[in-house]
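Position chain B against the provided structure of chain A, taking the given hints into account.
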Amino acid sequence: MTTPEDKLAALLREQAETVVPSGGGLATIQARVARKRRTRWVLPGSVVVTAAAVAVLLAVSSTGTRSSLQQVPGGTPEPSGSPVGIVEPSPTTDPLVGKDLYADATWPFTSQAQAEAWRKDRSSMPWAGDKVAVAQHFVDDFLGLTDVTVDPQCPECFEKSLLGLGMKSHEGSIGDLALGGATAGPFSVFNVTLDGLTFTSPSQFEQVSSPLTVTGNIVGVDENIALRLIASDGRTLASAAAPAGSGAPWSATLSWSQSDWSHAVVVGVTRSAKDGSVNRVVAQPVQRRLPGAPSPTPSPGPSFAGVEAGHVNLYDSATGKVLRQLTYPHGQLVDTDASYAAGSLLWLRAQQTGCNDGLYQLVENRATTVVAPGKVHLGTPRLSRDGRWGAWLETACDGSTTDLAVQKAGGSVRRISVPHGILVRVLDVDVAGAVLIRTGDAVTAFESGATSFSEGVSTGPESGCTMTDAVVIFGPPSRPGQPALGLFGFERCANGVRMFNNSDGTAHPNGPLTAADQVLSMSLGSGGMLVSYRQTAGGPVLVATYSGNVPAEAGFSQPIISDGSVRSPSW
Amino acid sequence: MGGAWTGTGGAAVAVETAEDRLTELYTAHYRSLVRLAAFLTGDRDNAEEVEQDAYVKVHGSWRGLREPDKAEAYLRTAVVNLSWSRLRRRQVAAKHLPEPLRDVASAESSAMRTVQREAVLQALHQLPRRQREAVVLRYYGDLSEAQTADAMGCSVGAVKSHTSRAMAALRPLLEDPS
Numbered sequence: 074m075t076t077p078e079d080k081l082a083a084l085l086r087e088q089a090e091t092v093v094p095s096g097g098g099l100a101t102i103q104a105r106v107a108r109k110r111r112t113r114w115v116l117p118g119s120v121v122v123t124a125a126a127v128a129v130l131l132a133v134s135s136t137g138t139r140s141s142l143q144q145v146p147g148g149t150p151e152p153s154g155s156p157v158g159i160v161e162p163s164p165t166t167d168p169l170v171g172k173d174l175y176a177d178a179t180w181p182f183t184s185q186a187q188a189e190a191w192r193k194d195r196s197s198m199p200w201a202g203d204k205v206a207v208a209q210h211f212v213d214d215f216l217g218l219t220d221v222t223v224d225p226q227c228p229e230c231f232e233k234s235l236l237g238l239g240m241k242s243h244e245g246s247i248g249d250l251a252l253g254g255a256t257a258g259p260f261s262v263f264n265v266t267l268d269g270l271t272f273t274s275p276s277q278f279e280q281v282s283s284p285l286t287v288t289g290n291i292v293g294v295d296e297n298i299a300l301r302l303i304a305s306d307g308r309t310l311a312s313a314a315a316p317a318g319s320g321a322p323w324s325a326t327l328s329w330s331q332s333d334w335s336h337a338v339v340v341g342v343t344r345s346a347k348d349g350s351v352n353r354v355v356a357q358p359v360q361r362r363l364p365g366a367p368s369p370t371p372s373p374g375p376s377f378a379g380v381e382a383g384h385v386n387l388y389d390s391a392t393g394k395v396l397r398q399l400t401y402p403h404g405q406l407v408d409t410d411a412s413y414a415a416g417s418l419l420w421l422r423a424q425q426t427g428c429n430d431g432l433y434q435l436v437e438n439r440a441t442t443v444v445a446p447g448k449v450h451l452g453t454p455r456l457s458r459d460g461r462w463g464a465w466l467e468t469a470c471d472g473s474t475t476d477l478a479v480q481k482a483g484g485s486v487r488r489i490s491v492p493h494g495i496l497v498r499v500l501d502v503d504v505a506g507a508v509l510i511r512t513g514d515a516v517t518a519f520e521s522g523a524t525s526f527s528e529g530v531s532t533g534p535e536s537g538c539t540m541t542d543a544v545v546i547f548g549p550p551s552r553p554g555q556p557a558l559g560l561f562g563f564e565r566c567a568n569g570v571r572m573f574n575n576s577d578g579t580a581h582p583n584g585p586l587t588a589a590d591q592v593l594s595m596s597l598g599s600g601g602m603l604v605s606y607r608q609t610a611g612g613p614v615l616v617a618t619y620s621g622n623v624p625a626e627a628g629f630s631q632p633i634i635s636d637g638s639v640r641s642p643s644w
Numbered sequence: 005m006g007g008a009w010t011g012t013g014g015a016a017v018a019v020e021t022a023e024d025r026l027t028e029l030y031t032a033h034y035r036s037l038v039r040l041a042a043f044l045t046g047d048r049d050n051a052e053e054v055e056q057d058a059y060v061k062v063h064g065s066w067r068g069l070r071e072p073d074k075a076e077a078y079l080r081t082a083v084v085n086l087s088w089s090r091l092r093r094r095q096v097a098a099k100h101l102p103e104p105l106r107d108v109a110s111a112e113s114s115a116m117r118t119v120q121r122e123a124v125l126q127a128l129h130q131l132p133r134r135q136r137e138a139v140v141l142r143y144y145g146d147l148s149e150a151q152t153a154d155a156m157g158c159s160v161g162a163v164k165s166h167t168s169r170a171m172a173a174l175r176p177l178l179e180d181p182s
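Protein chains in written order, with the numbering used here: chain A, 74 to 644; chain B, 5 to 182.
Simulated from the structure, these hints should not be mistaken for lab results.
Glycine is no exception: its CB is placed at the ideal position from the N, C-alpha and C atoms.
You can take every hint at face value.
Ranges of calculated distance between the beta carbons of each label pair, as one might list FRET restraints:
#, chain 1, residue 1, chain 2, residue 2, range
1, B, Glu179, A, Pro284, 50 to 58 Å
2, B, Gly161, A, Ser276, 36 to 44 Å
3, B, Gln130, A, Glu87, 17 to 25 Å
4, B, Ser168, A, Pro284, 37 to 45 Å
Covered by chain A, per the in silico footprint, the following chain B stretches (three or more residues, Cβ under 8 Å):
#, segment
5, 38-46
6, 121-127
7, 132-141
8, 164-175
A short, non-exhaustive set of chain A residues, derived as facing chain B with CB atoms under 10 Å:
#, residue
9, Pro77
10, Glu78
11, Ala82
12, Ala83
13, Leu85
14, Thr91
15, Pro94
16, Thr101
17, Gln103
Pulled out of the complex, with its shape left as it was, chain A reads as follows (with noise of 0.2 Å):
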């Protein structure tokens, strides 16, 4: 007897029979992956065949002051002269601008101080330092969806300060939920997202007062949104219900009573037709609004550190405003460049003549010395994202030789020596210290542990583009089907600047990059990429984000800064 399975099997192997794919698929593939590999990797040894014999470029010459620092406002000390090496941040706070981690979440903390609270008795929810029990109560005990489960394998896709986890049900992703707080823990909820299902008012954190009117989109299908009102201590506080589809905008209202909640929630879920279960959730956090209070100002974007004018500024990304100058050097002092990651500083001082470069972290109001002056050139200083690994560059002062200097915080430096003549610059280092340089034409990344120059693997430009002006970084930490090297960057062809990301051999489209603008620097953090770059030769230097899901569908936002000239921002 036939079963329904035979019988299923039998039919989709006869519907496959009629899908015949082309001759083509192998040549196709083949040359994708020839392209890829033929014009993305060369050898290192090609590298110095073809750099410029020029060593790095750092300040040079020589007189002997030491450098020191000002007392920055907010009471950083002058940093003492016995070099500590890099710091690692704490896991806790944003020092340099003191924000509260916890201040735009949802659930179950909305302060740094119950975070801390938290941290001293952890009796009440012992499972807040876990980031898929944290999301597995959000759904269970403050959605009341009993019926989704949170999957414990899935990794974090893209390293912000809000970290994704996939919600998964029987019908597979329902929502990506966004979870956040200190590296250390506790972890809170932030809000759940879904591309299909959108909330176009209220906006994230807006205050909100009843009744108050829901709007939003659907993507496709018929589905009747069940919306809810869900007070941070898990009170439903109103609910109504909004039939939405077909790509039209949806509308639902919402009224309560109750004035005894600050923070809260608003859930929209769908289900199955079919079986009830779970199809899609959004979460949007609100807040509520007082009477009498002003109109709500929107929230601030991250904040990153770069060079202008000599000294460090720290600068809002939503408005390219400065917020609080980090560093103040005084004389003949200049800094001439800076990482900035999880709160910590890490930036080069140098002498306007001389060999006396040094090098010097911030980190919680307290500046500490990495590498003291007078002994070497030094330069492009870079932070990993997490803030625990320094790289940067050391010349002799008499030029004979050079070393990549890598260092984790609390161990030793590990230097590779640079082979003469080649013109390096540090681009990156990851959070396993894995480092990225310039060399000439490409460039080249060491595994973390390298202690060699010929065990770093070169990656060069495309036929037809040259990186001569280009800039490259590690991508997001690798993932199931990622290589453990993914890069980012822009390269210069024939037809203008363009980004690639090596990680799935694809380009991105530019914005409004063009074959005039010149990339100088990227930066990979919170807020998605930072980027740096000229329209003119000597023009103003701009600088926008690459914010979205990068790097699969990134866009290009309009320039935060368009006529300073901030150099190496970092965030």
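Just chain B now, kept in the frame of chain A:
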């Protein structure tokens, strides 16, 4: 195959091996995986592109594969994931759900069987994604429950659940009228 990768540390050997192995995989599985992608995306026009993406992706990840001898399974998983990515992107971009497989000339002489097949295919594409993946991998891919779980990145229990739900929806269309 030309091995332009000549970096140090055994990379050249790794890439050569990847290309040779992927050529073998192409010969053995390309057609069936294109068809798998067609079932999962409901889009036969783009199925081949999904499949090529999967080969390129697996090639690019070769050095990072923990168990290269399981490349076929990685490839299959890549097809499943890329199919979903394609589907999701298209849903957003085009603001409509994927169309079912287009009508094709039936190889069957029985008009009744053709009608039944079309009905089943239509129902298949109305299933939730994970249920569709489960039945296609199980009954078209002829994979065990464990292999299906591997490809879908979920537990065997979840595969059983997806399959059971899917079959509950499809069974009325598959049973003999008698």
